[in-house]
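K.L.:
Chain residues, written in single-letter form:
Number of protein chains: 2
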Amino acid sequence: VNGPEPGRSVWVDGRRVAVAEARIPLADPAVQSGTGLFETLAVEGGRMLDLPRHLERLRRGAARLGIPVPAGDAVDRATRSATAETPEGWLKILLTGGGRWYVFGGTIDPTEIGREVSAVLLPWRCSSRGPLVGIKSLSYGASRAGLDEAARRGADEGLWRNERGLLTEACAANLFVVRRGRLRTAAEREGILPGIVRSRVLEAASGLGLVAHTGKLRVPQLRAADEAFLTSSVRGVRPLVRVDGRSVGQGVAGPVTRRLAARVAELRREV
Amino acid sequence: VNGPEPGRSVWVDGRRVAVAEARIPLADPAVQSGTGLFETLAVEGGRMLDLPRHLERLRRGAARLGIPVPAGDAVDRATRSATAETPEGWLKILLTGGGRWYVFGGTIDPTEIGREVSAVLLPWRCSSRGPLVGIKSLSYGASRAGLDEAARRGADEGLWRNERGLLTEACAANLFVVRRGRLRTAAEREGILPGIVRSRVLEAASGLGLVAHTGKLRVPQLRAADEAFLTSSVRGVRPLVRVDGRSVGQGVAGPVTRRLAARVAELRREV
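Respectively, the protein sequence lines represent chains A and B.
For the record, in the first sequence the residue sitting at position 69 is 69 according to the working numbering, with numbers rising by one throughout.
For the record, in the second sequence the residue sitting at position 111 is 111 according to the working numbering, with numbers rising by one throughout.
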């Protein structure tokens, strides 16, 4: 999910324009310094999944960056119009440091949702104590570099480690491992973006009676995992079956991952 | 130096337009993910200072990010036109992940150049091993947050520490300390942007017979410094006279700083 697709519409500060006309002034801090925020939601059958949680995260990030948030009803109208135009796929809300906002939708190959994926450990280290930790910022260049590195090495995703060598997350997803039926994922303090589907997995685990630990996540725990999976709003729960070319567990989607994926999908569809 | 100034021109892919017309497509990776680069140069009497070094750094960064660089003669023409329009101040070259490039100039209050400044230690930690270390990336949100934090605390600049607590640089400048006539600044491997004026200071020190150490720079070394200064292309060598409200050395521009500033200014003006 990179940008708007040719032939669709973009709602610019609530006004609909063609994608080809959707521009942003060079002077906006989004362009000059990557100052701004975004959210990307899944859209299914004309419904946005977890919209309130995405809007809440957007508001929290905007408050931290000192960016004004547009009126809720204007955003509501734009997101509903965009979802009506693109009822299957994704919807993105982009808020700039200059106070401009853009809403647009796009499609996704449905086989991408929930499919088995591979990852590599990234050679870099992220900081758990940076000023933008926990914010879905437009200064997304490090994630972009990580995805490029993963693609270069033939993998779908790249896994980050923080300054202590602890696993944190993937470039555009959170990471879970399963060992003997127990779930483990990095705590927020380790330097992650607290994903909406990550929170849904923790809810689902609780409902299913699974033990879930949020804390430190070490590379050997991933190597020794029975199962692992990635979570993201648009692609949902994806079994992580290979890391650095080696199988995770049996190298296929595991039973705990499948149960959680099914339960998360139910939770997200509840109105 | 944030963005283009009202009433001036912007050269968009080499074509001149009014600032108000200078826009960038929403789909460009610069907007979607802060993927791109920039350089900001000083302009004095219609001359760009250290242009070859800035272009070399831009090329190096573009190669690392896989972004195509525009033809040298087109960039030459645009920068010369922008400098003719704004012969005193600064010039910015902005290169987007979509391969678009923008050149524009702006003014600066001349008393800002070389003036005494204050700083605060930032509460965050940067990573010395991130994928964008050493690149002047459009994903500049962390620097922006640091400058905002400094302003909130009544200071001109914010000083970063890396994951080991070592001082690295300011948000938009490099940092030097002077103790008993010896210079010290963070090595590149500690996670800095290797500034053009930083390299000029190291040259000037060598020419003046001053010992300069690039390596680890610790907070107590700053607290115990006789002098400290910040370096940046547009603002030059600025004495750092207060940190967290306490005087550095005598709390005024020191003799080593003044000698270096004068010599750096000469070096940068040589043709």
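Worth flagging that the hints you see were computed from the coordinates, not collected in a lab.
It cannot be assumed that every hint is accurate.
As the list claims (entries may be wrong) - Residues from chain A that face chain B, not an exhaustive set, calculated with beta carbons under 10 Å:
| no. | residue |
| --- | --- |
| 1 | 23 |
| 2 | 90 |
| 3 | 92 |
| 4 | 127 |
| 5 | 211 |
What the hints assert, rightly or not - Cut-off 25 Å, straight-line C-alpha distance, at most; resulting in silico cross-link-like pairs (SDA-like, lysine to any residue):
| no. | chain 1 | residue 1 | chain 2 | residue 2 |
| --- | --- | --- | --- | --- |
| 6 | A | 216 | B | 129 |
| 7 | A | 216 | B | 163 |
| 8 | A | 216 | B | 164 |
| 9 | A | 216 | B | 165 |
| 10 | B | 216 | A | 216 |
Predicted, not measured: the structure shown is a model, and the values here were computed from it.
Backbone N, C-alpha and C fix where the C-beta goes; we use that ideal spot for every residue, glycine too.
K.L.:
Run every hint past the structure and note whether it holds.
P.N.:
Status of the hints after comparison with the structure:
| no. | hint | verdict |
| --- | --- | --- |
| 1 | 23 | holds (4 Å) |
| 2 | 90 | violated (13 Å) |
| 3 | 92 | holds (9 Å) |
| 4 | 127 | holds (4 Å) |
| 5 | 211 | violated (31 Å) |
| 6 | 216(A) x 129(B) | holds (20 Å) |
| 7 | 216(A) x 163(B) | holds (17 Å) |
| 8 | 216(A) x 164(B) | holds (19 Å) |
| 9 | 216(A) x 165(B) | holds (21 Å) |
| 10 | 216(B) x 216(A) | violated (29 Å) |
Hints 2, 5 and 10 from the earlier list are contradicted by this structure; the remaining hints agree with it.
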